[in-house]
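These protein sequences, in sequence, are chains A and B.
Letter by letter, the first sequence follows residues 0 to 348 in numbering that gives the first Met the number 0.
Letter by letter, the second sequence follows residues 0 to 304 in numbering that gives the first Met the number 0.
Simulated from the structure, these hints should not be mistaken for lab results.
Keep in mind that the hints are not guaranteed to be accurate.
Calculated cross-link-like contacts (lysine-lysine; reagent style DSS-like; alpha-carbon spacing at most 27 Å) [as the list claims (entries may be wrong)]:
no., chain 1, residue 1, chain 2, residue 2
1, B, K295, B, K219
2, B, K27, A, K186
3, B, K219, B, K207
4, A, K186, B, K56
5, B, K56, B, K71
6, B, K71, B, K6
7, B, K124, A, K46
8, B, K6, B, K219
9, B, K27, B, K51
Residues per chain, in single letters:
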Amino acid sequence: MDNNLPSFHLKVDPADFQPATQEEKESLIVMRESVNFWHDGMRRLRKNNIAMVSLVVIVLVSIFAFLGPQIYPYSYEQQNRGSENLAPFEYSQDEIALQNSGEKVFPHLMGTDSLARDTMVRLMMGSRISLLVGIIASAIILLIGSFYGAISGYFGGTVDNVMMRLVDIIYSVPDILIIILLSVTLKYPLNALAESVIGFGWIKVIGVPLISIFIVFALLYWVGMARIVRSQILMLKEQEYVTAARALGASSARIIKKHLLTNCIGTLIVTTTLQIPAAIFTESFLSFIGLGVSAPMPSLGSMASQAIGGITTYPYRLLAPAIMISIIILSFNLLGDGLRDAFDPKLKN
Amino acid sequence: MGKYAIKRIFSAIVTLFLIATITFFLMKLVPGGPFLAEKAPSAAVTAALEAKYGLDKPLNEQFFTYMADAMKGDFGPSIKQRGRNVADIIAKGFPVSAKIGGISILISMLIGIPLGCIAALWRGKSVDNTIIVFATFGISVPSFVVATILMMIFSTQLGWLPTYGLSSGLHYIMPVAALSFYPIAYISRLMRSSMLDVLGQDYMRTAKAKGLSGFVTLFKHALRNAVLPVVTFLGPMLAYTLTGSFVVERIFTVPGIGNEFVSSIINRDYPMIMGTTIFLATLLITMNVIVDIAYKVIDPRIKLN
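Turn these sequences into a full structure, and let the hints guide you.
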């Protein structure tokens, strides 16, 4: 045999057939990690300085409102006899006497009101009420509005017509007038309910005025949300995945919950966030004209309204709640704008 | 056109009827009726009063009487302001409020529209940013905050402007300013976005390509189209001005309908609350219908019916 004949043996190196190491595998991946909806939105939100600053402000205000009263030595309803109408950091004679005897007296950071209640802690509680009203009211609006809009948009036809006619009627109702009317009249039946029926005692705890505010929001304010959700659903329900889900036998309820509403989550987040300042706005307005939370519970609106009488002598008592309410509404508005830029697909690019 | 108008007017009447009905029955929820005073009057006195105001009749009869009277503009007597009719109080207070509200709507348009245009034309420049900041701030500050802070600065600190009443031109400045703050901010935002929208349209490029001057393209082509959304805002703005007037009139002690309404709420003057609610609702809904129909007339691109 001629050794010069070309060899037909494959010259293979067994090393080439070793399983690839992790590094080699990773070097072959050309795709970056897939960016899902949340990552994409959050990334854009983080780049938006104004929105991030407002988020920080909201967190700070929440700490001030929810933790502040816990560690502050005075309570919002406590009347410190003898220390009426103190200026910030002023002490009453009793307190000075106490200090002279060696005891420590916590200063009234923002003075006291005409009933000798500490203004600082009342400001904290007022902010707490505002935040709670904003968040709970928006949650109610989100719940009712999204399901109403989704059902109306999904079924279409006569259902849609009837449901949207109702929305149109509610939309043209002057909301503030009805809110005032309900807050005036609901007091009595709600009070009666709390006193007579067992299991409704919580109404007293939350307070009838707050409950009427929530009822009003639940009755009137969801229509905007319902309209927005409906128009989204009208677009989404034509998508293939909805047909696929239906072909696989998914019920309407499941399609709405699992496919349609989850797909307009961006719109839901943005609209809900922008509802919060609107609700806070309304609550402060109602408290200002004397229909908000009942005394002694403070609200920023009622604090401002009470301070008007002493506007010449104690301007800071008016300024404090006024500035607080403006900061809260402003930061929620700015955050909402930022969220819209980050999550609204229509504004992408 | 006619069909649309009729449909719109019909639905407005239905809404109004619903509001009046709801108002009436909500008021009846209040136990003891309007005579629930601090000093409870004796049973005989209450019965006599109820007979006088027709409150002893069955509810449905009371309802029809009230509705029939209300349609004639008669809302019955005020319970807290003895000897005065609700209709008289409204007739006296409304012109005052309408004057302040009208001036403030006019001023909001006169300031808001140019601000929005300027922001859009100088997009991204510092003028634009300043206007955006102002507008965002403006829609976030409740009217009572604006009103009280104005009062603090210009009356109590500087002493330039009077705090209460409406006896001279100077008295109008602060209430009007407080009422206009939010609409100015809102209109500038609205105007800015709609102007940006219009400036990007093809017909603007065509107009420029034809060699029209900047002035003509701006005023004849851009502004005319961009101002349309502001017309739709007129309805909500009216509602805002009305509710704003509750607070602003209260703060500046203006003898308008807003002030009377808030007093009637505080005094639990039920016929007054009911009458004012129905009156204001009628006003708002009528204005909304007018604005809607006017909008369709102004903008020929919108398909009727």
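Right, here's what the structure says about each hint:
1. K295(B) - K219(B): 19 Å, holds
2. K27(B) - K186(A): 13 Å, holds
3. K219(B) - K207(B): 12 Å, holds
4. K186(A) - K56(B): With Cα atoms ~25 Å apart, K186(A) and K56(B) stay inside 27 Å; holds.
5. K56(B) - K71(B): 21 Å, holds
6. K71(B) - K6(B): 24 Å, holds
7. K124(B) - K46(A): 20 Å, holds
8. K6(B) - K219(B): 33 Å, violated
9. K27(B) - K51(B): Holds, at roughly 17 Å.
In the structure shown, a violation is registered for the earlier hint numbered 8 alone.
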